[in-house]
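Protein chains: 2
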Amino acid sequence: MTRTVSIVLSWIEEHRDELVSLLQRLVATPSVVGSEGACQQLVAELLERQCDRLDVWEPDRAWLEAHPAYFPRGVGFEGRPNVVATLRGSGGGRSLIVNAHVDVVDPGAAEAWPHPPWSGAIADGRLHGRGAIDDKAGLAAMIFVARCLTAVGRPLRGDLVLQSVVDEEWGGGGTLATIERGYRADAGIIFEPTAFEVCPASRGGMAFRVTVQGKGAHPVRSYEGVSALEKALPLIPALRALEATRQDRLRSPLFAHHPIFAPIVIGTITADVLPSKVPETCRFQGLYGYGPEEAYPSARKELEEAVAAAAARDPWLRDHPPQVEWLGLNKEGAQIPTDHPLVGTLAKAFETAAGGPAKIAGFPAGCDLPFL
Amino acid sequence: MTRTVSIVLSWIEEHRDELVSLLQRLVATPSVVGSEGACQQLVAELLERQCDRLDVWEPDRAWLEAHPAYFPRGVGFEGRPNVVATLRGSGGGRSLIVNAHVDVVDPGAAEAWPHPPWSGAIADGRLHGRGAIDDKAGLAAMIFVARCLTAVGRPLRGDLVLQSVVDEEWGGGGTLATIERGYRADAGIIFEPTAFEVCPASRGGMAFRVTVQGKGAHPVRSYEGVSALEKALPLIPALRALEATRQDRLRSPLFAHHPIFAPIVIGTITADVLPSKVPETCRFQGLYGYGPEEAYPSARKELEEAVAAAAARDPWLRDHPPQVEWLGLNKEGAQIPTDHPLVGTLAKAFETAAGGPAKIAGFPAGCDLPFL
Chain A
77 MTRTVSIVLS
87 WIEEHRDELV
97 SLLQRLVATP
107 SVVGSEGACQ
117 QLVAELLERQ
127 CDRLDVWEPD
137 RAWLEAHPAY
147 FPRGVGFEGR
157 PNVVATLRGS
167 GGGRSLIVNA
177 HVDVVDPGAA
187 EAWPHPPWSG
197 AIADGRLHGR
207 GAIDDKAGLA
217 AMIFVARCLT
227 AVGRPLRGDL
237 VLQSVVDEEW
247 GGGGTLATIE
257 RGYRADAGII
267 FEPTAFEVCP
277 ASRGGMAFRV
287 TVQGKGAHPV
297 RSYEGVSALE
307 KALPLIPALR
317 ALEATRQDRL
327 RSPLFAHHPI
337 FAPIVIGTIT
347 ADVLPSKVPE
357 TCRFQGLYGY
367 GPEEAYPSAR
377 KELEEAVAAA
387 AARDPWLRDH
397 PPQVEWLGLN
407 KEGAQIPTDH
417 PLVGTLAKAF
427 ETAAGGPAKI
437 AGFPAGCDLP
447 FL
Chain B
77 MTRTVSIVLS
87 WIEEHRDELV
97 SLLQRLVATP
107 SVVGSEGACQ
117 QLVAELLERQ
127 CDRLDVWEPD
137 RAWLEAHPAY
147 FPRGVGFEGR
157 PNVVATLRGS
167 GGGRSLIVNA
177 HVDVVDPGAA
187 EAWPHPPWSG
197 AIADGRLHGR
207 GAIDDKAGLA
217 AMIFVARCLT
227 AVGRPLRGDL
237 VLQSVVDEEW
247 GGGGTLATIE
257 RGYRADAGII
267 FEPTAFEVCP
277 ASRGGMAFRV
287 TVQGKGAHPV
297 RSYEGVSALE
307 KALPLIPALR
317 ALEATRQDRL
327 RSPLFAHHPI
337 FAPIVIGTIT
347 ADVLPSKVPE
357 TCRFQGLYGY
367 GPEEAYPSAR
377 KELEEAVAAA
387 AARDPWLRDH
397 PPQVEWLGLN
407 KEGAQIPTDH
417 PLVGTLAKAF
427 ETAAGGPAKI
437 AGFPAGCDLP
447 FL
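The listed protein sequences correspond, in order, to chains A and B. Taking my numbering, the leading residue of the first sequence gets 77, the next gets one more, and so forth. Taking my numbering, the leading residue of the second sequence gets 77, the next gets one more, and so forth.
Since the hints were derived computationally from the structure, they do not count as laboratory data. Since the structure is predicted, the reported quantities are computational estimates derived from the model, not experimental observations. Cβ atoms here follow ideal geometry from the backbone N, Cα and C, with glycine treated the same way. The reader is advised that the hints may include incorrect statements.
Short, incomplete list of chain A residues facing chain B, as computed with Cβ under 7 Å [unchecked claim]:
no.	residue
1	L309
2	P310
3	P339
4	A347
5	D348
6	L350
7	P351
8	S352
9	K353
10	P355
Examples of chain A residues lying across from chain B (beta carbon under 8 Å, computed) [as the list claims (entries may be wrong)]:
no.	residue
11	A283
12	P295
13	I312
14	I342
15	G343
16	T344
17	I345
18	Q361
19	I436
20	A441
A few chain B residues that don't get close to chain A, going by computed Cβ distances all over 12 Å [unchecked claim]:
no.	residue
21	L118
22	G301
23	Y364
Required output: the full structure, derived from the provided sequences and hints.
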């Protein structure tokens with residue numbers, strides 16, 4: 077352990093309580109995706125005194141909507157700025173971007189929470205609240221790093237660029253906009269919750285919807301109808317079978333410990349609105365996970381073909397083919413070699429801090445990694 | 077044809093246009109179930125001069141809620157009166173109740189209608205609007221009968237009791253309340269749209285909901301979840317199989333021309349609200365048709381047992397049995413002998429008016445018939 081590392085670790089140990097209260101402040105400032113303004117203002121205030129340059133700007137919607145990796149949601153960036161703080165190094169070193177997202181998913185019904193979603197309450201050794209782990213813990217760590225480095229005299233040779241971005245939970249417009257702004261570095265790290273794993277790869281994920289057409293009928297003549305719901309049934313096991321064959325084919329050692337790392341989850345389904353009418357339309361929506369090195373157009377084709385093959389076994393569906401749609405959300409996967417120097421450096425840092433070997437594994441979810 | 081019948085038929089022929097405009101007025105007065113007041117006021121005005129006694133009253137909610145055949149919906153009868161007009165006969169004849177319901181189902185989105193739902197527009201020989209056939213056509217016919225009989229000098233020996241009732245589309249509280257009020261007669265006819273068939277029987281129908289419990293999971297650990305949707309799938313073909321065996325067992329000659337006369341329709345389904353989460357709960361709702369002479373408790377038991385038997389074939393469902401609930405709506409079936417004098421009389425009247433033989437058949441839907 078070098079003297080610098082030892083100084084840094086001591087400072088962190090001494091200021092542990094400040095890190096916790098910093099996270100509580102961030103959790104207590106709502107930042108549901110689409111309404112990140114207030115929390116970004118807090119982040120900017122917290123970073124302002126620690127950095128050489130503070131850049132606060134609203135992403136350019138027109139540029140994003142023209143970018144092939146962005147999936148527009150019909151929502152702009154007014155009042156939703158990115159915040160980027162630059163800590164200049166003394167020179168001669170490599171630059172590093174660290175990135176955390178400020179936006180969180182809507183917490184839904186408050187009653188469903190053991191502690192209010194914006195409380196940051198601490199109970200049984202855990203801090204509760206929406207975004208407490210995804211990704212305000214990362215954001216708090218990032219801000220804490222800036223304070224620590226400033227406090228111990230900024231022992232940096234290369235530049236360190238701290239990015240607090242909006243829009244991660246929708247489509248990654250915030251991180252993508254940092255590219256347009258010119259932020260590039262020798263390496264980048266995304267602070268997502270990985271259960272302490274160092275992750276040189278992340279899987280991709282896209283949202284899909286399948287619509288099955290039936291023929292509506294009044295219950296008095298139910299036999300003249302074709303239930304869209306019943307016609308949709310065989311498609312669901314067909315997708316489960318596709319999921320299984322894909323894991324076997326796509327799995328790499330990084331994802332070996334996940335029985336299913338690129339899942340096909342069907343989370344919602346609807347069939348018409350009248351309980352007593354033979355349903356005319358059935359729609360189900362889900363998440364389609366795909367491999368870090370898989371191109372999403374070919375992944376899409378594979379699901380579309382599996383649906384078509386299942387439909388081909390039914391005379392009605394043959395004549396009324398189910399429609400597969402790809403919705404706004406698509407997070408591609410990404411991967412760097414496991415022997416990349418950054419992986420080794422992070423593993424060593426983890427070992428120093430935690431006292432045990434780091435686990436190197438794939439991150440089994442979509443995130444902003446491919447945009448860095 | 078007696079001279080009286082011939083006079084009546086001539087009057088009807090001469091006043092045909094008035095019948096059509098009467099129906100238009102009724103359709104143009106909205107009367108969605110729960111808000112029947114305005115239309116009942118119109119009905120009362122139209123019947124007032126034709127009858128000996130006009131009875132307008134709000135059903136007694138407390139009495140209804142204590143009645144075993146009523147399924148409370150949490151809605152009272154304030155501003156929702158029944159209207160009953162009595163035309164006294166000259167004496168010595170049998171009494172007859174005719175019953176039509178004023179309430180209609182919510183028309184939903186106006187855009188879905190080729191003509192506005194409250195227009196009563198006439199196009200291509202048809203009158204359009206919510207309730208035009210169910211049951212304002214019946215109501216218009218009933219009011220027209222009163223006008224006709226008054227115009228031609230009331231050739232009645234027994235009393236004729238005309239009932240315009242509320243609440244048919246929910247649970248039949250309106251008709252049931254006429255019993256409490258003391259309305260009884262030697263025979264009763266419900267004016268429901270039967271495609272000109274004389275129906276001495278109607279099937280029953282009840283609404284049910286099945287809830288299947290799974291185990292929710294984040295997509296990152298989808299393999300730790302149990303999809304409630306996928307666990308619900310085998311229950312649906314099991315209910316379809318139950319439907320088939322029930323038709324064979326319950327069918328009578330009156331329902332012979334319906335391939336399925338007591339259908340099991342599953343019209344709606346939901347599974348959680350997040351497309352990318354393994355769904356924890358799946359619910360589907362439907363209509364369970366049952367025979368005119370089948371007791372509903374035993375019909376319920378049969379569906380519950382079919383669900384339980386299908387669940388018993390799956391280890392997860394065995395430990396987490398699906399829950400079957402019976403919702404508010406239950407319309408029992410009813411039947412009178414096909415050789416009942418009323419059936420013959422109606423068949424003969426139809427033949428006189430239409431010039432061809434009447435079809436005697438079962439009404440393959442639930443209605444207020446069992447309450448009369």
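A quick look at each hint next to the structure:
Hint status for A:L309 relative to chain B: holds, with the closest Cβ pair at about 5 Å, below 7 Å. The criterion of a C-beta within 7 Å of any C-beta in chain B is not met by A:P310, whose closest approach is roughly 9 Å, and the hint is violated. Using the Cβ-Cβ criterion of 7 Å, the hint placing A:P339 at the interface with chain B is satisfied: the shortest such distance is roughly 4 Å. Using the Cβ-Cβ criterion of 7 Å, the hint placing A:A347 at the interface with chain B is satisfied: the shortest such distance is roughly 5 Å.
At its closest, the beta carbon of A:D348 sits 6 Å from a beta carbon of chain B; the interface hint therefore holds under the 7 Å criterion. Here the hint on A:L350 is kept, as its CB sits about 5 Å from the closest CB of chain B, short of 7 Å. At about 4 Å, the closest approach between the beta carbon of A:P351 and any beta carbon in chain B falls short of 7 Å, and the interface hint on this residue holds. For A:S352, the suggested interface contact is upheld, since its CB lies about 4 Å from the closest CB of chain B, less than 7 Å.
At its closest, the beta carbon of A:K353 sits 5 Å from a beta carbon of chain B; the interface hint therefore holds under the 7 Å criterion. For A:P355, the interface hint holds, since its Cβ comes within 7 Å of a Cβ in chain B; the closest pair sits about 5 Å apart. The restraint placing A:A283 at the interface with chain B holds, with a minimum CB-CB distance near 6 Å, inside the 8 Å limit. Because the closest C-beta pair between A:P295 and chain B is about 5 Å apart, less than 8 Å, the hint holds.
Interface hint status for A:I312: upheld, as the beta-carbon distance to the closest one in chain B is roughly 6 Å, under 8 Å. For the restraint placing A:I342 at the interface with chain B, the shortest Cβ-Cβ distance is roughly 6 Å, inside the 8 Å limit, so the hint holds. Taking 8 Å as the C-beta contact cut-off toward chain B, the hint placing A:G343 at the interface holds, the least distance being around 4 Å. The restraint placing A:T344 at the interface with chain B holds, with a minimum CB-CB distance near 5 Å, inside the 8 Å limit.
Below 8 Å, beta-carbon pairs count as interface contacts, and A:I345 has one with chain B at about 5 Å; its hint therefore holds. The criterion of a C-beta within 8 Å of any C-beta in chain B is met by A:Q361, whose closest approach is roughly 4 Å, and the hint holds. Here the hint on A:I436 is broken, as its CB sits about 17 Å from the closest CB of chain B, past 8 Å. A distance limit of 8 Å between C-beta atoms decides the matter here; for A:A441 the minimum to chain B is near 5 Å, and the interface restraint holds.
Interface exclusion of B:L118 from chain A stands, the closest Cβ pair being 28 Å apart, more than 12 Å. The claim that B:G301 is not at the interface with chain A is violated, since a C-beta of that chain comes within 12 Å of its own (minimum 8 Å). Annotated as non-interface, B:Y364 brings its C-beta within 12 Å of a C-beta of chain A; the closest such distance is 9 Å.
In summary, the numbered hints that this structure violates are 2, 19, 22 and 23.
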